[in-house]
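Just so you know, the sequences run in chain order A and B.
For the first sequence, the numbering used here begins at 1 and goes up steadily by one.
For the second sequence, the numbering used here begins at 1 and goes up steadily by one.
The set of hints was computed from the structure by calculation and includes no laboratory data.
One or more of the hints may lead you astray.
[Unchecked claim] Cut-off 27 Å, straight-line C-alpha distance, at most; resulting in silico cross-link-like pairs (DSSO-like, lysine-lysine):
#1 B:K38 <-> A:K211
#2 B:K257 <-> B:K211
#3 B:K202 <-> A:K38
#4 B:K202 <-> B:K157
#5 B:K157 <-> B:K243
#6 B:K38 <-> A:K202
#7 A:K243 <-> A:K303
#8 A:K16 <-> B:K2
#9 A:K303 <-> A:K286
#10 B:K202 <-> A:K157
#11 A:K286 <-> A:K157
#12 B:K38 <-> B:K202
#13 B:K303 <-> B:K202
#14 A:K38 <-> B:K211
#15 B:K243 <-> B:K257
#16 B:K286 <-> B:K211
#17 A:K180 <-> A:K286
#18 B:K38 <-> A:K38
Just so it is clear, the structure is predicted and the values come from calculations on it, not from any experiment.
Residue strings, one per chain:
Protein chains: 2
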Amino acid sequence: MKLRDIGEFGFIERIKDGCLIRDENVISGIGDDCCVFKTSAEVASLLTTDMLVEQIHFLLEAIPPYQLGRKSLAVNMSDIAAMGGTPKEAAISVAIPDTVNLGLLDALYDGMKSMAHEFEVNLLGGDTTASPGPLIINIALVGEVREEEVLYRSGAKVGDVVFLTGPVGSAAAGLDIILKGRGSDEWGELIEAHHNPHPQIKTGRTIASMKVANSLIDVSDGVAADLGHICTESRLGAIVEEKMIPTTEQFRAYCEKFQEDSRRLSLHVGEDYVLLGTVPAESAAKLQEALASNGCHFHSIGKTVAGSSLRLESRDGSVEVIGASGWDHFR
Amino acid sequence: MKLRDIGEFGFIERIKDGCLIRDENVISGIGDDCCVFKTSAEVASLLTTDMLVEQIHFLLEAIPPYQLGRKSLAVNMSDIAAMGGTPKEAAISVAIPDTVNLGLLDALYDGMKSMAHEFEVNLLGGDTTASPGPLIINIALVGEVREEEVLYRSGAKVGDVVFLTGPVGSAAAGLDIILKGRGSDEWGELIEAHHNPHPQIKTGRTIASMKVANSLIDVSDGVAADLGHICTESRLGAIVEEKMIPTTEQFRAYCEKFQEDSRRLSLHVGEDYVLLGTVPAESAAKLQEALASNGCHFHSIGKTVAGSSLRLESRDGSVEVIGASGWDHFR
Numbered sequence: 001m002k003l004r005d006i007g008e009f010g011f012i013e014r015i016k017d018g019c020l021i022r023d024e025n026v027i028s029g030i031g032d033d034c035c036v037f038k039t040s041a042e043v044a045s046l047l048t049t050d051m052l053v054e055q056i057h058f059l060l061e062a063i064p065p066y067q068l069g070r071k072s073l074a075v076n077m078s079d080i081a082a083m084g085g086t087p088k089e090a091a092i093s094v095a096i097p098d099t100v101n102l103g104l105l106d107a108l109y110d111g112m113k114s115m116a117h118e119f120e121v122n123l124l125g126g127d128t129t130a131s132p133g134p135l136i137i138n139i140a141l142v143g144e145v146r147e148e149e150v151l152y153r154s155g156a157k158v159g160d161v162v163f164l165t166g167p168v169g170s171a172a173a174g175l176d177i178i179l180k181g182r183g184s185d186e187w188g189e190l191i192e193a194h195h196n197p198h199p200q201i202k203t204g205r206t207i208a209s210m211k212v213a214n215s216l217i218d219v220s221d222g223v224a225a226d227l228g229h230i231c232t233e234s235r236l237g238a239i240v241e242e243k244m245i246p247t248t249e250q251f252r253a254y255c256e257k258f259q260e261d262s263r264r265l266s267l268h269v270g271e272d273y274v275l276l277g278t279v280p281a282e283s284a285a286k287l288q289e290a291l292a293s294n295g296c297h298f299h300s301i302g303k304t305v306a307g308s309s310l311r312l313e314s315r316d317g318s319v320e321v322i323g324a325s326g327w328d329h330f331r
Numbered sequence: 001m002k003l004r005d006i007g008e009f010g011f012i013e014r015i016k017d018g019c020l021i022r023d024e025n026v027i028s029g030i031g032d033d034c035c036v037f038k039t040s041a042e043v044a045s046l047l048t049t050d051m052l053v054e055q056i057h058f059l060l061e062a063i064p065p066y067q068l069g070r071k072s073l074a075v076n077m078s079d080i081a082a083m084g085g086t087p088k089e090a091a092i093s094v095a096i097p098d099t100v101n102l103g104l105l106d107a108l109y110d111g112m113k114s115m116a117h118e119f120e121v122n123l124l125g126g127d128t129t130a131s132p133g134p135l136i137i138n139i140a141l142v143g144e145v146r147e148e149e150v151l152y153r154s155g156a157k158v159g160d161v162v163f164l165t166g167p168v169g170s171a172a173a174g175l176d177i178i179l180k181g182r183g184s185d186e187w188g189e190l191i192e193a194h195h196n197p198h199p200q201i202k203t204g205r206t207i208a209s210m211k212v213a214n215s216l217i218d219v220s221d222g223v224a225a226d227l228g229h230i231c232t233e234s235r236l237g238a239i240v241e242e243k244m245i246p247t248t249e250q251f252r253a254y255c256e257k258f259q260e261d262s263r264r265l266s267l268h269v270g271e272d273y274v275l276l277g278t279v280p281a282e283s284a285a286k287l288q289e290a291l292a293s294n295g296c297h298f299h300s301i302g303k304t305v306a307g308s309s310l311r312l313e314s315r316d317g318s319v320e321v322i323g324a325s326g327w328d329h330f331r
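Same shape as in the complex, but just chain A (with noise of 0.2 Å):
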């Protein structure tokens, strides 16, 4: 079947279902021309939007269309993480070309449902409209932080620890795997970790409730551009240390089997969707403290300094300009 066969209200009413998750706070969802929910009085609101592309961000050969739907909703959850927030309602547009069926459409929003579901987000409403070319698809997330608990990428102090919350390059290993046609069970975790990244909401509520850090991101574009982004916000320096960076055992099989660049795909690539910040270093212990009792990860990876420069420590003891290169759509 076709969306040409039910229409663009009869998609509407076919996905409606499972979009209300919470209704506390919602006063109307899906179904009029906006909808309509209560901010509390003592929360400030976070509002963040990213496009997905075919052919650009996803290949609808190489990714299932329930992962697809888990991830386009999860990255953007991911910003309302790195701001220390909580993501509450969301609105959906997707852009539909007529080759696509309505089963890949239904899995997209069971897969979107799936990950809202996880979090308790609402999908209260969005746009659907025919595609000449790719399926695109677009959210607008809405999240909540009490204003004194956000973190930005602009509030790092010279002398600060830098830290991750996670491993880093298992996504990019897992996009190469696929584009390498190297798919296996063997390297299961690392397409997983492409396909399937899962925002770091509960990292970022720790983090920011403890009142510590200085600073806070989402490792989107890679380590080496999202440290640049708090370096050029922040207007510092840092440098890193290569040995320190977390990866997983299966990162670093992969990396010596195909004999891959393991730096360039651990710190130039990105879409890990870990928290990176900088916190000082009086407080780094203390925090790490409440993210391990929370079942959250802490990983020093380097410190800020003066300047401007993001400098990497090889294993060797040398040192490098490593720039804030990551991924630019225009380059």
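Once you've looked at the hints, dock chain B against the given chain A.
Same frame as chain A, now just chain B:
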């Protein structure tokens, strides 16, 4: 100059100026993982999103990019107007094909900024990415309204007066003129209606603050389809008198000159972005007066009735069911 010469982050730097129109309540704008703002405690939040896709919603050779920028924000603002609200904070996603040059993008953003400025809306964030084909613009817009003033599609009661807040058909005629290559100064108003719709925020606010109207929607899909939405959501029917449908002199002249179907253009195409609502008969005069004293318009076009069909009384007195056919992207 092309986008690839300045890169994604160079582009964000380029467009950043002029995006913050009103700094009241804004905690952080463009440049972090999310934008951050405060919402007043006494209002409800509204969220809407609309995606404009090249070849589906617009042709780059037919609409000047400045107008396209204005329109892409206007259609979202119109959704806020239809709820009785005030637009506040916008997040813009753009997927840009390699063929689009920086001059076009500058004009596109200048258009968005001019519309934002006119209505004191902030452009607080967004996402920019490459596109393998069409230019795609998605805007998510947050607005606000007092909870007791929100106007829904579902509130109409049998016996309500059905009203429009401006002429219809002009935008449809404008598109017809463009598609048929009939553009000339003679039809300037109609082409302008298609390219540069004005969201009726003041009209919507006036209706909402009067608290007498039972339902409201904006005319995006066409009077028949949009009144159909009110009827469906309110579980009733309506009868509209053709002779009462407000159109402009230029619209009538165009239809007469080219023997175009004025009924189709005025009722079944849409994109007029005027408001369509219902109000109890005893309050219609009071609402009309309030609108007039604010320089806004009120045209009674019919009434709601029991049942579920949407009927049209023609100029000759005959009545026919016109259903609810309007624009459906997938049919």
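Verification of the hints:
no.	hint	result
1	B:K38 <-> A:K211	holds (20 Å)
2	B:K257 <-> B:K211	violated (43 Å)
3	B:K202 <-> A:K38	holds (23 Å)
4	B:K202 <-> B:K157	holds (24 Å)
5	B:K157 <-> B:K243	holds (23 Å)
6	B:K38 <-> A:K202	holds (23 Å)
7	A:K243 <-> A:K303	holds (14 Å)
8	A:K16 <-> B:K2	violated (41 Å)
9	A:K303 <-> A:K286	holds (17 Å)
10	B:K202 <-> A:K157	violated (46 Å)
11	A:K286 <-> A:K157	holds (18 Å)
12	B:K38 <-> B:K202	holds (23 Å)
13	B:K303 <-> B:K202	holds (24 Å)
14	A:K38 <-> B:K211	holds (20 Å)
15	B:K243 <-> B:K257	holds (19 Å)
16	B:K286 <-> B:K211	holds (11 Å)
17	A:K180 <-> A:K286	violated (43 Å)
18	B:K38 <-> A:K38	holds (12 Å)
Going through the hint list in order, the structure does not satisfy hints 2, 8, 10 and 17.
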